[in-house]
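Given the coordinates of chain A, assemble chain B onto it according to the supplied hints.
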Amino acid sequence: MSINRRHFNAIAGAGALTWGLSANAPALFSAGKPRVVVIGGGAGGATAARYIAKDSKGALDVVLIEPNRKYYTCFFSNLYLGGFRDYESIGHTYEQLATAHGINVVHDWAEAVDRDKKQVRLASGANVAYDRLVVAPGIDLKYDSVPGYSVAASQNMPHAWKSGTEVALLKHQVENMKQGGTFVMVPPPNPYRCPPGPYERISMIAHVFKQKNPNAKIVVLDPKPKFSKQGLFQEGWERHYGGMIEWISPDIHGGIKGVDADAMTVTTDFDTFKADAASVIPAQSAGAIAAKAGLTNDSGWCPINPATMQSTIDKNIHVIGDASIASAMPKSGFSANSQAKSAAMAVRAALTDAQAFPARYANTCWSLIATNDGVKVGATYKAGEAKIEPTNKFISKTGESDDLRMQTYEESVGWYDGISKDIFG
Amino acid sequence: MIETRCISLAGVAIYLFLGTHAWAGDNEGDVAFGEYLSSQCVTCHQLSGASNGIPPIVGWDTTSFYQVMDTYRQKARENKAMQTIAAGLSDHDIKSLAAYFATIETTEN
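Residue numbers (our numbering), protein chains in the order written: chain A, 1 to 425; chain B, 426 to 534.
What the hints contain is simulated information worked out from the structure, not anything from laboratory work.
Quick caveat: nothing in here was measured; it's all calculated off a predicted structure.
Pairs of lysine-lysine, BS3-like flavour, derived with a Cα cap of 25 Å:
#	chain 1	residue 1	chain 2	residue 2
1	A	Lys292	A	Lys118
2	A	Lys57	A	Lys33
3	A	Lys54	A	Lys118
4	B	Lys505	A	Lys393
5	A	Lys257	A	Lys217
6	A	Lys162	A	Lys224
7	A	Lys142	A	Lys274
8	A	Lys226	A	Lys142
9	A	Lys315	A	Lys382
10	A	Lys162	A	Lys70
11	A	Lys393	A	Lys382
12	B	Lys500	A	Lys382
13	A	Lys421	A	Lys70
14	A	Lys226	B	Lys505
15	A	Lys315	A	Lys118
16	B	Lys500	A	Lys397
17	B	Lys505	A	Lys397
18	A	Lys421	B	Lys505
19	A	Lys397	A	Lys226
20	A	Lys393	B	Lys500
21	A	Lys226	A	Lys274
22	A	Lys292	A	Lys142
23	A	Lys315	A	Lys292
24	B	Lys505	A	Lys382
A partial selection of chain A residues facing chain B, derived with a Cβ cut-off under 8 Å:
#	residue
25	Asn337
26	Thr364
27	Lys376
28	Gly378
29	Thr380
30	Thr391
31	Asn392
32	Lys393
33	Glu410
34	Asp417
35	Gly418
By construction, the Cβ of each residue, glycine as well, lies at the ideal position given by its N, Cα and C atoms.
Isolated chain A (complex conformation) (with noise of 0.2 Å):
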């Protein structure tokens, strides 16, 4: 047992015997025990439902509601794009978190969020209440925000923003292009999953190219001037793979104007871009159930109080990853799980005797340029009056020697590892 000082000052206003006994009243005679309900189970969801569940050491009833029984993360789903991992080395089981940390995973789709019951509806019909309520339900794309594109057009221009099949389904598409051939990406515009993804993805595609299609060519039709990251990776395109990338920023073609997924077009204010392969990421927003919980603002995403990560809509609620707006935290599966972790302590010491201390932030994106030629961007962050602040950052620089690069590599893979288990244990 470690020393708290919350202990020490209830021992030292009420005495250690009666304090001792009524802290552990409601375990040992309540049917019911405080119940936190965590809506998705991704980095930041799983994250949070792990951490509550340990630290609070059975005090706490966790109920994790995830559709998927195996989940793919979004990480490293662009190295197995370009072959450096397999399809199963990013696919995870909810397995331990029931069987190490006693969470009730219920693998069911949260239909509804009734915040006067303070109970999640499921899509099977059934109800789950809650005293604290955790809401990590990532993104939706919002496909209309480029005209022509649908689930349907996802087909012959997948989005793969959610991972898995999405993914296998667009490294099917680049590896049969047409030799010579034309792939063009439409990565989305800001605030989006991911900021160096679209770019990482450019850069394993090319590797993809490099092996198996070498006279092919990519364009990257950008709805945005700059992008994460910018200088490494086209000082990386250039190194690597000379004159194959071709990004060209709205300044330049004028905006995107539409796509069409069945003569396989991309139209802006300068031209039409024909394309044998593609990728389009529409613009993107929290994911469906904040919306329909009441929780997302005008922009579409969920505003915090960013010493906890509560809703500022609705305090028995803490919404954290892609769905929240974090202000300089990016949205990413690191930025989740740091998330994930304060808003867990902010819940424990809510319904249970634990200590809270003040937020602490993090975050770093690796990207992969080329095989051994890995870069990164990180910072930490504390809790500012309205909104996360960062207190330090860092990126890689161009010129690196080929020895940094592979360690920052390295260190990614171990990072994946490392996250991965703190996950999902």
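Leaving out everything else, chain B in the frame of chain A:
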């Protein structure tokens, strides 16, 4: 549970005594606080001690742990991510992390 609470109470008393008299509260790590801070570390560094591109940090003696982190903090040791993390840590933070990680035994190589 009552026995545990009593031990806890004794622990608090010792902590307060040493904290106020000998070390002014900042020279020794607080294991509970270190455990909280460690949640940032274990995103990359595995509690089992397993290492694969990321070095293990469990089971170190507290002096070595402090020295390495302090060297990162002074940017005298390379690794931008670690320099950035260390820059945000006080002496007490690092000592608390050292105290916590020293209590963890490697279970995997």
